[in-house]
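Protein chains in written order, with my numbering: chain S, 20 to 358; chain Z, 20 to 358; chain B, 20 to 358; chain G, 20 to 358.
What the hints contain is simulated information worked out from the structure, not anything from laboratory work. Worth double-checking, as some hints may not be accurate.
Which copy is meant is left open, so a pair is good if it fits within one copy or across any two.
To be verified - Here are the simulated DSS-like pairs of lysine-lysine, each with C-alpha atoms no more than 25 Å apart in a straight line: (1) Lys138 - Lys82; (2) Lys344 - Lys280; (3) Lys218 - Lys89; (4) Lys347 - Lys93; (5) Lys350 - Lys89; (6) Lys221 - Lys82; (7) Lys347 - Lys221; (8) Lys280 - Lys25; (9) Lys324 - Lys25; (10) Lys93 - Lys280; (11) Lys346 - Lys280; (12) Lys25 - Lys82; (13) Lys138 - Lys280.
There are 4 protein chains.
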Amino acid sequence: MVVILKDGTDRSDVMELMEYLDAFNVSVSVTEGEHTTILGLIGDTVSLSEDDIRAFDFVEDVKRIQEPYKAANKKFHPNPTVVEVGDGIKIGGGNFQVIAGPCSVESKEQIIEVAKAVKASGATLLRGGAFKPRTSPYAFQGLRAEGIELLLEAKKETGMPIVTEIMNAAHLPLFEHVDIIQVGARNMQNFELLKVLGKQEKPVLLKRGLANTIEEWLMSAEYIMAGGNKNVILCERGIRTFETATRNTLDLSAIAALKEKTHLPVIVDPSHATGVVQYVERLSVAAVAAGADGLIIEVHNNPKKALCDGPQSLTPAQFDTTMEKIKKMHKFMSEEISY
Amino acid sequence: MVVILKDGTDRSDVMELMEYLDAFNVSVSVTEGEHTTILGLIGDTVSLSEDDIRAFDFVEDVKRIQEPYKAANKKFHPNPTVVEVGDGIKIGGGNFQVIAGPCSVESKEQIIEVAKAVKASGATLLRGGAFKPRTSPYAFQGLRAEGIELLLEAKKETGMPIVTEIMNAAHLPLFEHVDIIQVGARNMQNFELLKVLGKQEKPVLLKRGLANTIEEWLMSAEYIMAGGNKNVILCERGIRTFETATRNTLDLSAIAALKEKTHLPVIVDPSHATGVVQYVERLSVAAVAAGADGLIIEVHNNPKKALCDGPQSLTPAQFDTTMEKIKKMHKFMSEEISY
Amino acid sequence: MVVILKDGTDRSDVMELMEYLDAFNVSVSVTEGEHTTILGLIGDTVSLSEDDIRAFDFVEDVKRIQEPYKAANKKFHPNPTVVEVGDGIKIGGGNFQVIAGPCSVESKEQIIEVAKAVKASGATLLRGGAFKPRTSPYAFQGLRAEGIELLLEAKKETGMPIVTEIMNAAHLPLFEHVDIIQVGARNMQNFELLKVLGKQEKPVLLKRGLANTIEEWLMSAEYIMAGGNKNVILCERGIRTFETATRNTLDLSAIAALKEKTHLPVIVDPSHATGVVQYVERLSVAAVAAGADGLIIEVHNNPKKALCDGPQSLTPAQFDTTMEKIKKMHKFMSEEISY
Amino acid sequence: MVVILKDGTDRSDVMELMEYLDAFNVSVSVTEGEHTTILGLIGDTVSLSEDDIRAFDFVEDVKRIQEPYKAANKKFHPNPTVVEVGDGIKIGGGNFQVIAGPCSVESKEQIIEVAKAVKASGATLLRGGAFKPRTSPYAFQGLRAEGIELLLEAKKETGMPIVTEIMNAAHLPLFEHVDIIQVGARNMQNFELLKVLGKQEKPVLLKRGLANTIEEWLMSAEYIMAGGNKNVILCERGIRTFETATRNTLDLSAIAALKEKTHLPVIVDPSHATGVVQYVERLSVAAVAAGADGLIIEVHNNPKKALCDGPQSLTPAQFDTTMEKIKKMHKFMSEEISY
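Next up, chain S with everything else stripped away, as it sits in the complex (with noise of 0.2 Å):
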């Protein structure tokens, strides 16, 4: 971390910021210029908060050197994490998954029907919404407790392992069943949920907040894995922009950048991240060309009828078509191109 003092900082100022760093374990060099001093702080900078000594008027700018995150940190684990789902299905280090299924599972006949459809294309995990978070009271809430019934028996009917979003800890006995545990974007900073999700086993699939930074998104990871979790799947699915053409903005270069700074799988979900059908496609194979581990795409057997979401769920027919070219796409990836 480096520290930059205003012009003319006292040294007895700068004895003082001295003296509250050494409760922290760092080692301090001073670099004395003729308007300004710079002090390098050497060692585990990690609990150390730039806001905390910005507090210190004297202080014109604290920039951070090391990444504020240690268990996500690909320079400290630099193996991909392989994230075992059961069956022999894994994610992450060369394994690429499909998940598929409706926005929020409706009924035991849609469940199971879209399951056997996503299955027969050739996804390998089944997704459904049991709660949901909509942005309106008044809006389907989900099927809840039910809708993690049907999802079980979608499991048992197909064998495809069920991935499905929690909104509450208080939730958590419901998804003993469950294979992968999703956290939604309007969940990525709920701390509170995070530290639950980090001292139980299940796989923990984070999708990046709406607004939120590559940094913040795997200090979010932190969370789950400094509770002693270590089996936390990325989900890039789009942020906020000022562009309306598209429900947000797919931000393919953030594989770019996790596959550098981290050593956690990345999955994509061009469904939500466009809202609409008719690119799902496109950024599906695209995000499999960059490097994506895995995808999530939005399938209904009845778009129009859908509970939500209805404009951005491929039909069993288009998610077909659609997987023809994932896989090809993916068999040309494993086999020509490497990063």
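For chain S, the structure is supplied; the task is to place chains Z, B and G on it using the hints.
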């Protein structure tokens, strides 16, 4: 609600959509142009979702006319809501209050010292964080339950009602003697938490999310109000932009927009919005001039030693100077300007 | 276009609006609901401005149905535009090209060395900045007229057509032997410049503005096309967001959206979009997978000594490796995937 | 400037960088930590570019300490700039002015009627667009040269100095009798235009770009000032965000930040910032309270018939009411509040 159909939509498709709409309590009028058919939906469209209608693939676009919020809507409740905090302290409808205190409660001495100081300067409510949302799991997370105890001691000592943030619905029993429960920006769309707060009676101070629109914010207020709790105070605290001179961009236009759209009181947090102590005064005074119903300002007896957010905390002396200007401006506004 | 009137609008107001609309060549149908009146405007609404209609104070909202662009609109021109650069080099409609070269032209030796290197690796057009838009007036502003001379020498030496940026319509005579004229992001809405470029015949490479929507970008293309020049190539180069791990956020969804909305070719600039040399390769390959008609990549023979944008410039060796992957991906896409 | 080197950087690399820096007039001090080497660059670093240094691949990060602007920098010019417009009208350094007028000049009658009305209400300068930047080539582009003629007639009739926008350096001769030349948001980084305006003497009103930071804005002012013209007036007009209730988000914090960073006067444009007539008054008053040196407000004698931007234009009667409040607030601020 207006539904625009694509060129060449079949009559049978239109019939299918009409049938779907029958389930809701709306009547439909049809305008047929040469290339476009337009449906006008008349009635209570709050429970209709634009996205659900967009899922019909022959729908070109959907445009809501009625606002999707009812309880928070000024059209249906033209009189301003006045939130009564107790001891005659009211917010809204011409009642203006300044809430002040440290980012975090750190010790009994600290919170009582700050409380006395801000009271002496004219603040009428005490803020202080017991549960702290921190980006890093390694940063100070607040004194939690103990922090609330210390706030209650400061309340007993000074008589000031207290405002503090909740991060987990399970903690609600700890808030029994808290006067206003704050929902932080990161939890603005933690719908499970909002629902719980809607079923209890204490006033809720609802901060705007980092990247949320005014309509989404009002929908979150609606979540609380739909549960029965009408005592919601909105708090503008800056939105995330690409500007770096300030931590966030304070959106004072939001006051103008909210005063047109809702009857709920609106307060402003210049400390979190700017993140820079030198900018707090000007924006406090400007917020009063824009018609805010109150302010919430961070004050710390020793900002350098603050366990969080030091750079944005005023000292008691700075707060006193700022309060002088706030009081003058509030008096001037009350006597001279009405919007 | 749909115009929604406020509840309680007088018949005389409606008549006033109808009269106003008479001046334009549109017919109006009226739907009266209990609380809302909806006007459907049928005809050529391109010359009508939503804002002008919103100025009638009894208008609640206006919704455009037709896109505001015509010449660039795929609806009216379903076949893809193929821009012919000369020497049989084409962009669009299945013709894919890679443009490469340094940020700035710095010397004869530099530009010829880079030109030969990128040609050997497979690039077919040479880029290089002669006029450089720099945030600081104290930064290198380009060799200007001399830079164009040097580009022309490199063209003579290698036979590669050249692409370079114009910043001032008065400089147009200097571009006589340039093959493609680039309009930079900061000039995307320099309408005076666009008009001039519409009245000459050279192809224009139009970069997306830092914070512009796809519709605004197409409207800028429309400015050029309305003048008579149909040879516009769109270039996605990242939009400004709050993310800091990359200089901008590359919006690959824009390719999907543009392929639906326009017949113009779309190329991608991963160098400016990311600003990070390590991310250029993945995003180049992903852009091809998303269906881009070309790429524009920065290459410098000595990035450390580059007079601008060094951190995002590939060395010739890095470019060669990247080109291998781009070529493989392009071949694969041509043979195996069609959208 | 602080340069942080990557772990394991060779001594020979450090020497290479030192050699590079020798060409600039800076001295370097080196701090070697266990894992990091930090270089402190002391001297005049304005001509050094962070990006150029980042291009050395062993450089981890670069942090500027000195601001990159000099002429606009308050540190070097602590006294506020007072721009003299003529006839004793001054802006800045305690001199407050209101500029008002229509979005576009449409006819002699219109501009003279509006000019007389706004003068009667207390405006001291007349604005009016002759050259209009419009997103669509099919929209009204302004009366251009004729518009300037009409403004000059209104000036003769009322004695008010005039402010109007330039879009093309080639038009400069037409601005001979214009009093303040406006650079619009879309041209804030049209550096060729800024350079030309720096070489003439008329005051320049420089609007902030739609998505530009305060530092970039000051760098654009620096372009003008570096040419010799010190008479720059900054105009905050809202930045683009995801909020849709207002056209842009007015950033009043920018006043606080600018008053700390620069000596140039700052005015506010609430009309373009909000795009909503009902919000203009509150934000005008709030801007004065925040310490703006002036306002620029759109007024049209018949907003419904305005050829552009009707929805944000006040009628003369509305402007008169708003001016009463602005005048009261300005008087109050002058007498009672100093920052």
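Hints and how they fare:
Within a single copy, Lys138 and Lys82 get their C-alpha atoms no closer than 49 Å, and across copies no closer than 37 Å, so neither meets the 25 Å cut-off. Taking the shortest Cα distances, Lys344 and Lys280 sit within 25 Å of each other only across copies (23 Å), while inside one copy they are farther apart (29 Å). Taking CA atoms no more than 25 Å apart as the test, Lys218 paired with Lys89 passes inside one copy only; the shortest distance there is 18 Å, against 40 Å between copies. For the identical chains of this complex, Lys347 and Lys93 are neighbours neither inside a copy (30 Å) nor across copies (29 Å), given an alpha-carbon limit of 25 Å.
Neither within a single protomer nor between protomers do Lys350 and Lys89 lie at most 25 Å apart by alpha-carbon distance, with minima of 33 Å and 41 Å respectively. In this assembly of identical chains, Lys221 and Lys82 lie within 25 Å of each other by CA distance neither inside one copy nor across copies; the values are 36 Å within and 41 Å between. Taking CA atoms no more than 25 Å apart as the test, Lys347 paired with Lys221 passes in neither setting, with 31 Å inside one copy and 39 Å between copies. Within a single copy, Lys280 and Lys25 get their C-alpha atoms only as close as 32 Å, which misses the 25 Å cut-off; across copies the closest is 15 Å, which meets it.
Within a single copy, Lys324 and Lys25 get their C-alpha atoms only as close as 63 Å, which misses the 25 Å cut-off; across copies the closest is 19 Å, which meets it. In this assembly of identical chains, Lys93 and Lys280 lie within 25 Å of each other by CA distance solely inside one copy; the values are 5 Å within and 39 Å between copies. In the homo-oligomer, the alpha carbons of Lys346 and Lys280 never lie at most 25 Å apart, since the shortest distance is 27 Å inside one protomer and 28 Å across protomers. Taking identical chains as interchangeable, the C-alpha atoms of Lys25 and Lys82 lie at most 25 Å apart whether they share a chain (14 Å) or sit on different chains (15 Å).
Taking the closest pair of Cα atoms, Lys138 and Lys280 never come within 25 Å of each other, the shortest separation being 33 Å inside a single copy and 33 Å across copies.
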